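Engineer: Once you've looked at the hints, dock chain B against the given chain A.
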Amino acid sequence: MNAVAVSVFVFLFLVVTVLGFAAARWRRAERMDNLDEWGLGGRGFGTFIAWFLIGGDLYTAYTFIAVPATLYAGSVVGFFAVPYTIVVYPLIFLFLPKLWSVSHRHGYVTPADFVQGRYDSKPLALAIAITGILATMPYIALQLVGIQVVLDVMGMGQDSDNWVIKDLPLFVAFVILAAYTYSSGLRAPALIAFVKDTLIYLVIIVAILYLPSQVGGWGHIFDVANDSFTTFNTENADAIAAGEVAGKGIMPPAAAQWAYASLALGSALALFMYPHSVTAVLSTRNRSVIRRNAALLPAYSFLLGLLALLGFVAIAAGVTVGDPPNPQLAVPQLFENEFPSWFAGVAFAAIVIGALVPAAIMSIAAANLWTRNIYKAFLKRGATDAEEAQQSKYASLVVKFGALVFVLAFSKQYAINLQLLGGVWILQTLPAIVIGLYTRWFHRWALLIGWAVGMGYGTWLAYDVPLPGDPDSHFGGPLVLFPGSETTKVYIALLAIIANLVVSVVLTFVFRAMGVDEGVDQTKDDDYWADEGDEGVELELDPLAEPHR
Amino acid sequence: MSETRPSASPSRRLWILIIVLLAPAVVLPLWVPLYNRTDPELNGWPFFYWFQMALIPFATVLTIIAFALSRIADRKDREARDRARDPQQPEDPR
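These protein sequences, in sequence, are chains A and B.
For the first sequence, our numbering begins at 342 and goes up steadily by one.
For the second sequence, our numbering begins at 30 and goes up steadily by one.
To be clear, the hints were calculated from the coordinates, so they are not data collected in a lab.
Treat the numbers as computed from the prediction; the structure is a model and nothing was measured.
Hints are not guaranteed to be accurate.
DEER-style ranges, computed between Cβ atoms [unchecked claim]:
| no. | chain 1 | residue 1 | chain 2 | residue 2 | range |
| --- | --- | --- | --- | --- | --- |
| 1 | B | 70 | A | 582 | 24 to 34 Å |
| 2 | B | 72 | A | 739 | 27 to 37 Å |
| 3 | B | 42 | A | 780 | 15 to 25 Å |
From the three backbone atoms N, C-alpha and C, an ideal C-beta is built for every residue, glycine too.
Isolated chain A, as found in the complex:
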């Protein structure tokens, strides 16, 4: 443990804690006891705040740890994060302003609210809400994994055999996070995101300017990485041929091209259906804020690409990551080895704060789903705005402690597997949400059955994927062979969504022919184009007004 690094880290963590509690007074509304304020920060964030908030939300600490880890481990398919975060912005540009408009007109807080209004189907809205909560929980757990990795490298709490002391730093960090999220709502991560992103940008820019020259320049870095992978492949040729170990390389093999593209597309389509991205988008002031951000947010993608390559830098710098190797330690260990200790402290704080922001937004988003689409829809129909906000606050605590217990009690691999499944699951809400923004052609019951088929098929496919070298294991990765192909692998989520769409289309014809009731659409065409200043879209929503439901 390095005293300087730890002191800098603790200092920055305290700054963020003070900000988190102070956020309750930031842009204060007259009444805070409703979901528009607690859960969406008053729905008034402009371009500047939204850029930090959405950036802090989508580019999580786990991404910053896991993506370079895959490159460090010689699995270059992990670089798909770059095309993925390019493709996602044109999609956000086209789709999300429509969701913003209809949500503002009708007071929707969650994607499931929209589905309820559009399709007049409580079972379908419940399915969307449960999918969102299920997909979000392991994502929160992964943020904890990111924090754990950093604490590991700093040597905090790891020397002890007593699990209480061992996990105490993580526990303390999370209790503080839970407390200020409870009191400040979405304002807390919005304000902390400024610190998070400033630190992350600082660290990455310094890392990219400073580290490559330290280890001999980019050309040398790519050469060393390539040589090390070639050596590995030669030494393990038999095991690779037997499929026990995956081959390594700095270029994706031709057979992996479909995997690469399908992971990028599938992840991009899934990203903006995650409840936490919808929450961040609905907190913006108007449609232009979303569109302008679609043009500004790729700055983070550039950062992510550079950061991913730190995986190769770590190889060139001779970073080792323990035995058995844990590639996730590569980047934090690189910082620890190469930076002066005070700056290593800054870098570690950046990653940990980078985990707190998305964890807060995700827990708020999951809590909103619980409150609006389960509690209010089924348990207490007449809940007032204040009761809704209170219920969400409690739910955010439950969600976070659930994630904490999960990470402490089960293996880390379990959280990673579930997060993988989460991506498959969340994509199954695409027909109801995204296609629903354009047309109500699909029948509500067809959508529900299509969703169930996609969830079941995707889960089954993922269950059958073993980890390399362990044929009896399950949930070993996101890829399966394309049906009928010997070598071409694709992302499971895309196969599942195809099954989902086919079933939804066929059953829509069937139900329509049978004359099954389609329910009443609460939304009008005009709602999908409404903007700030239009009738029914207030600058700051009046918390006393009845939501149109």
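Structural biologist: Okay, now just chain B, sitting in the frame of chain A:
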């Protein structure tokens, strides 16, 4: 339900243009065989890496242009809506 949007016609062409403009930002990153090679290298970077990094500013420029066009489209729609509501007032007052 029909997808007709009474005020959509003035901006329809602009929206087609926006979609055409944004299409390369979606298609090129997904077209892996296009860039899955090492040459030409740039400053030691294999093509695979520098090309994908270069796609980011490229997509950003396209999105900025699309954003400017969407503002024009929104303004036209608003004017058309205002005219429909109040025929006496041909211009957007703002």
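Engineer: Against this structure, judge whether each hint is valid.
Structural biologist: Quick rundown of the hints versus the structure:
Range check, residue 70/B to residue 582/A: about 30 Å between beta-carbon atoms, so the 24 to 34 Å window is met. Taken as a hint, the range 27 to 37 Å is violated for the pair residue 72/B and residue 739/A, whose Cβ atoms sit roughly 51 Å apart. Checked against the given bound of 15 to 25 Å, the beta carbons of residue 42/B and residue 780/A, roughly 21 Å apart, stay inside it.
Of the numbered hints listed earlier, the single one contradicted by the structure is hint 2.
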